[in-house]
Amino acid sequence: MPAPKPTARGTPAYPEYTIDELARAAGTTVRNIRSYQDRGLIDPPERRGRVGIYTQTHLGRLRLINHLLARGYTLANIMELLKAIVEGHDLRSILGLESAISSPWTSESPRHYSYLALARLFGRAVSRPALAKAIALGLLEPDGFGYLARSPRALQAGAEIARAGFPLEDVLGIIEHARSHFQAVSDRIVAMVVRELDKFGDGNLPPPQDVPRLVDILWRIRPLAMVAVETEMMRALEISANKYLGDRVAAILEHLQDGPGGKAGK
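Here the UniProt record's numbering is used: position 1 in the sequence shown is 1, and no number is missing along the way.
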């Protein structure tokens, strides 16, 4: 298994995991991972000294195994399916289905930040409580003498809001509050795809002729879901802005008109 390509600072461009970290990320146990390895369901880790290092490929395979187990497949069924894929049988469409299900939904690469870099980015907004909150939310991860941001774009957006004068703790509080709502929306979007898969019967793989269509649905739902979420977010912000700011803006304009340079002062 090739090692992930390192960044300029030596941080892998893609996540790496110890077996404990992999178990947490996949929602399984260390015992299960070792059992899957013994059965040949997942590849062994890359050895670095005495530590086994797992990658996103292992995580994707574990998520697929969990998905198939939840749908009623036995480990023996899953082993036969994965064995056929590994042996190069004409199952490219099934492999595409695995990729469509388990591939990361973001193309962003993680970025390493020193504490000094964060201080420059956020200014005085980087308090210790704010930093702890960002770590708790998974926006930053301790990484050596610095921190790793899985989404540099989100970090940059938060920095711009903080530099505009808004308390960083408030911004982080909004993210925390929004998480459960976004998760509920995401669950409903994925549930649509699950219902489509369930048409083929509980615990059954779709017929070969239907797999390409399902793969296409899974890939297309990603950008389409983002458009739907962004559209609704803009609509909600417009309603809130008019609801809470409309009267205040009108009062400011009226005050300006009544001021020394306004009509009332002429």
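I should point out that these hints are in silico values taken from the structure, not numbers from a laboratory. This structure is a prediction, so every number in the text was calculated from the model and none was measured. Warning: the hint list may mix true and false statements.
For each label pair, taking beta carbons as the anchor points, the in silico distance ranges come out as [said to hold, decoys possible]:
1. S107 to Q257: 28 to 38 Å
2. R188 to I239: 13 to 23 Å
3. R163 to M226: 18 to 28 Å
4. V30 to S127: 30 to 40 Å
5. A136 to I221: 22 to 32 Å
6. T74 to E141: 31 to 41 Å
Below 16 Å or equal to it, Euclidean Cα-Cα: the simulated EDC-like pairs (lysine to aspartate or glutamate) are [stated by the list, open to error]:
7. K133 to E80
8. K243 to E230
9. K133 to D170
10. K133 to E108
Cβ atoms here follow ideal geometry from the backbone N, Cα and C, with glycine treated the same way.
Results for each hint:
1. S107 to Q257: 28 to 38 Å: Given range 28 to 38 Å: violated, Cβ gap about 50 Å.
2. R188 to I239: 13 to 23 Å: Holds: the Cβ-Cβ distance is about 21 Å, inside 13 to 23 Å.
3. R163 to M226: 18 to 28 Å: Holds, at about 26 Å.
4. V30 to S127: 30 to 40 Å: 36 Å Cβ-Cβ, so the 30 to 40 Å window holds.
5. A136 to I221: 22 to 32 Å: The hinted range 22 to 32 Å holds for A136 and I221, with Cβ atoms some 30 Å apart.
6. T74 to E141: 31 to 41 Å: 36 Å, holds
7. K133 to E80: 45 Å, violated
8. K243 to E230: Measuring from Cα to Cα gives roughly 20 Å; hence the hint is violated.
9. K133 to D170: This hinted pair holds, its Cα atoms lying about 11 Å apart.
10. K133 to E108: The hint is violated at about 22 Å.
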